[in-house]
Amino acid sequence: MSFFLFFDVFRYFGFSLGITFHLLALDCCESKGCGKKGFSGRSNGWTQAVKRVMNGGSMRRIQERLLGLNKTGISSSTSDIWLLGVCYKISQEGSSSSDPVSCDGEAAFIEDFSSRILLTYRKGFDAIGNSKYTSDVNWGCMLRSSQMLVAQALIVHQLGRSWRKSSHKPLDKEYMEILHLFGDSEASAFSIHNLLQAGNGYDLAAGSWVGPYAMCRTWESLARCEREAMEHEHQSFPMAIYVVSGDEDGERGGAPVVCIEDASKLCFEFSKGQANWTPILLLVPLVLGLDKVNPRYIPLLGTTFTFPQSLGILGGRPGASTYIVGVQDEEAFYLDPHEVQLVVDVKGDNLETDTSSYHTNILRRVPLDSIDPSLAIGFYCKDKDDFDDFCNRASKLADLSKGAPLFTVTQARNISKASGNYEMSSDGGRIQQDGCSDVMPGNDAEDCTQEDDWQLL
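Using mature numbering (1 follows the signal peptide of the UniProt record, and there is no 0), the letters of the sequence shown map in sequence onto residues -18 to -1, 1 to 439.
No wet-lab data here; the hints were simulated from the structure. Every clue listed holds true.
Below, a list of computed lysine-lysine pairs in the DSSO-like style, where the Cα atoms sit at most 27 Å apart: (1) K378 to K364; (2) K147 to K329; (3) K247 to K366; (4) K151 to K329; (5) K105 to K329; (6) K155 to K105; (7) K378 to K366; (8) K53 to K274; (9) K366 to K254.
Make a model of the complete structure from these sequences and hints.
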């Protein structure tokens, strides 16, 4: 390292530490009510401004690169890579495989990764509602991450998991129609404008950050509103949506429960009584620790990417959501929404549009144990057989979890047994494990051999 590079690094760390200590001092002083009258209001504005700078895309990238937390490219590991249900055997370059979910080589992995839809911060769009926001920079990353997950569900639904973006034009009409759904205007069904409106009941607002649970419920609300508004017309959201929670209201702690009867009911309602089963999107919001993910959950999270139904994870660092799409060993590959780009007017019928800003071949990876414990996992099941396969895989994963599953599966809420040695209680679905009831953080459960880090969602 040259002297000048060393000096720049040293100067950056000095700046970052200085800013950090300043923020801590302000927060401490404000919490104690010290200082002159009016200090809190002025310092709060300064604090928020500095925090926005420190959490901005460019500054955050500098921090990550200097600290070595986030990396780019494929590691030197020869372990298999799992990308949204497809296995890439990096250690067997050039060999043939008869496994339909296995592909060989880095090139195939990169082609798959770069075909996933990337949705990032945009600027220059029409103001959101009655606000003055014409950009979602520094606050819209969770919305963008969730858009990417839903876009992947639509890609699989319309074009199949094996679809890859063509390098030639004209582009696929279905692909362009999907991109149009995520445009940055009220005319696009799944725009940031319409998401914020649908999430008003969950405190979503322009300029404010949102967590995974509220984001999942917002998609549920948006899909319901769209279905009601388009009762006799083509629906943009062609699948039922199921937000999996620990009980009927999702307000208690405990492992979420996939209830097969609930899923069946949602599909029946989605089809307006015309079919017993429809395609279904499952969203599983989780809180897997306090400040970081409990290590016991890391292997389980990685295993979900081996499910053919995998849509990845909404996660990232606190205040900096990303869309995690794959794993290798205990590192995760992700799409990052924190790049700022100009708004693009994508028309569903314009097959010559430049869509390069909706894709990237930059492979970003991060240790799974460094992601925010508040996250959400997505799965797409195209039909009943696919859903049954998902339930079988989820049940086996719960059985291997040593009493701490990500989520469980049960046939009905009034059935006493659920997968993973969990029992459904009679109070509406609260989970009880091995005779220990209501194990929550801070409770004394001396008869339990394992403590859990579940939090209220």
